[in-house]
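Chemist: Kindly produce the complete structure, drawing on both the sequences and the hints.
Number of protein chains: 2
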Amino acid sequence: MRRLLSGCGILASQGAGFTFLEKGWLGICGDTIDYIGREKPAGVYDEVRDMTGLLLIPGLINAHTHTPMTLLRGVGSGLALQEWLFDKVFPVEDRLTPEDVRVGTELALLEMISTGTTSFSDMYMMPEETARAVLDSGMKANICRPVQCFDPEEPGEKNSRVQESVRLYDAYNGAGDGRLLVDFCVHAEYTCTPEVTRCYAGLVRERGGNLHIHLSETKKEHDECLARYGVTPARWFADLGAFDAGAFAAHCVWVTGEDMELMKRYGVSAVHNPTSNMKLGSGFMPLRELLDAGINVALGTDGASSNNNLNLLEEMHLAAVIHNGFRQDPTAVKPEEILKMATVNGARLQRRGDTGELKVGKKADIVALDMRSPHMVPNLDPLALLCYSAQGSDVRMTMVDGKILYENGRFYTLDAERIRRSAQGCVERLYR
Amino acid sequence: MRRLLSGCGILASQGAGFTFLEKGWLGICGDTIDYIGREKPAGVYDEVRDMTGLLLIPGLINAHTHTPMTLLRGVGSGLALQEWLFDKVFPVEDRLTPEDVRVGTELALLEMISTGTTSFSDMYMMPEETARAVLDSGMKANICRPVQCFDPEEPGEKNSRVQESVRLYDAYNGAGDGRLLVDFCVHAEYTCTPEVTRCYAGLVRERGGNLHIHLSETKKEHDECLARYGVTPARWFADLGAFDAGAFAAHCVWVTGEDMELMKRYGVSAVHNPTSNMKLGSGFMPLRELLDAGINVALGTDGASSNNNLNLLEEMHLAAVIHNGFRQDPTAVKPEEILKMATVNGARLQRRGDTGELKVGKKADIVALDMRSPHMVPNLDPLALLCYSAQGSDVRMTMVDGKILYENGRFYTLDAERIRRSAQGCVERLYR
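Line by line, the protein sequences give chains Z and A. When the count follows this note's numbering, it moves up by one through the first sequence with no breaks and lands on 432 for the last residue. When the count follows this note's numbering, it moves up by one through the second sequence with no breaks and lands on 1432 for the last residue.
It is possible that part of the hints are untrue.
List time: in silico DSSO-like cross-link candidates among lysine-lysine, alpha-carbon distance up to 27 Å [unchecked claim]:
{"id": "1", "chain 1": "Z", "residue 1": "Lys359", "chain 2": "Z", "residue 2": "Lys334"}
{"id": "2", "chain 1": "A", "residue 1": "Lys1088", "chain 2": "A", "residue 2": "Lys1264"}
{"id": "3", "chain 1": "A", "residue 1": "Lys1088", "chain 2": "Z", "residue 2": "Lys334"}
{"id": "4", "chain 1": "A", "residue 1": "Lys1088", "chain 2": "Z", "residue 2": "Lys220"}
{"id": "5", "chain 1": "A", "residue 1": "Lys1334", "chain 2": "Z", "residue 2": "Lys219"}
Note that these hints are calculated values from the structure, not bench results.
Modeler: Encoded structure:
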């Protein structure tokens, strides 16, 4: 199947940046982009699709989330962190069934697909449920089974959580023609022991995948690690070998200059979660410093219990403005940097070198945005428009591997009405 | 005409806060709410409208904007403030014709009405064009003619700008059955002389209206006023009599504790413009302190050249999270406070005691939001959902004085396609 998208704006990759084609053509052969240009290509295409008034951008990549937590959206809002987590979130999580995790994931997929996300990195329990939902939906995801020291057993190969993580890797890594990848996960320094962390670092070295962690999210976490071990969380992870074979770290709000040097040296990616960091009062990631240090920074929403959305365009918007405010500098972060964080940097973090850009030879993971909404007029600067004005609801089409998953309000792989009803059922049971 | 809205969620006023009716009835007689309750009212209604799946909230009030600047959306993004303003914005503004101001306003009205705004406070040149567009659209607005010292003449009754302001007041204050109100305006301390400010303060005392000003938006402005006059901008305005007869101040980022005492004493309202303050690098308004000082704080978008949207739900979202991040306190601002800022506090600022709340006897300025979108499920806490999850695109109906202006993507008073085409024409001329 060869498909040609015609008459649309295209934000294509050019060198390390972007170029804007005002009225361009984009050809797709199977799951791959085979043409981008201002002229109609010579080849024969089975379908020519008029995309006038739309802007094509790379599919967005949500590099850190907990998808099933959509069922906890709005729980304990306005509480302090400890109260929120221990009194509100954990008791509900204790009651979650595999069915809840499946439905919570599906609710998340509806929101992500319809707001332009084509791939995400997830961290949650019962990840097989998430895996199957993702495979059925046509999306891409990196999933993992987090370990926390609430998990009682000793580390080692016979530990049931370790076995679970390895089983997940063997069963799902590369599934769905590579749409699904499996990572390993240590939840955070403050929830894990050195032994557990060393064990998981070994799993990554032996099996592959990345280590997905939370890092220096709060000042408390960062300071308590210093008090406990005399080193920062980043140094603690590095010393345990956790950065040796590929890792990425969510939040990184309180990382120090030395932590950044470590991350750079080991090639550890950082994930910025601006809404969550704001809403929970965690603070401001040193985004400018991380980018200047040459660290790969991607963008994530975190879970719907602390965001409370999974809308990456909203996240881009927040990331694009809050650092200017915090640094009192309107030039602190550039729209181009924000778009890269939400696309190609996320692809790099996910070990997906074949996506995250509109470029010949890359996978056809493409999002089309409506440029005719009142807030998208005039188009004087497409990158600025995308970061400061665009809304998740401007997404008119979401395509993964050349397959259209969503178009003009209609989902092709998910039954939105069934999922909404199921979610309502889960919620009534969980909170009664 | 009596109309009954049935089967919907309602965020009605109760005392100083809100109460949530899960499946309520709201009756409208002419332009006024005449019933809110959980049971069907006894009266006879000409129309019963099934609103199942929707949430009714008070119409949102955008308390500080410059509507015609939609035509400058995205101009000079990423530049420092002075460069952006003097090299990019002012040269375009110099070329604006009355037709541009009319079309720019209309483009703004499309965006505001479709994202739930029912009234706004505007500050821009050629306000007669804005006045006429607002009257035709069915919206409400407080407009004014700003004076700056770029305006060359001496102050006094024969000054042409003063005459313009007075003519605007006489022609439009109370027009459209009170939908239009006229304020007076001194742009800011740093753009006006004491004589001009004293003259306009006198106009407010004689005629009525409020004085609409910019106050301590940037540290530079605040510090330079101290250097120039030895007092803060708030004290400068107060000493010139500008606060004597009603005033409201946009931004208030750098106001001091003493400034807040002054504002409280004179009943000066503050307008929070979080996106603009972030994007332009102005800093963080001391929102918690202003609220704790008992000052009436409303919410505004500022113009589309510094936001770059006119979407008050997005502004609520930003206001609801950034102060938690800045203060490292997840309880810094409550959703209830944010919703009041966006509604009843704005009504108070606009001298519209008859709106801003869903309450029997208030004007039927009502917005209906779709609660069935994936990101609005589950509804565990309607106020949290509204502040942290809702999107402008969730608006399904916008009603002003009992008249539906917008419903399910359709504008009843504005020709969206004609406005979009006209805006395109203006832009091509302005930027060629």
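Chemist: Evaluate each hint against the coordinates.
Modeler: For each hint, the structure was consulted:
1. Lys359/Z x Lys334/Z: 22 Å, holds
2. Lys1088/A x Lys1264/A: 37 Å, violated
3. Lys1088/A x Lys334/Z: Status holds; Cα separation ~18 Å.
4. Lys1088/A x Lys220/Z: 44 Å, violated
5. Lys1334/A x Lys219/Z: Between lysine 1334/A and lysine 219/Z the Cα gap is close to 23 Å, so the pair holds against 27 Å.
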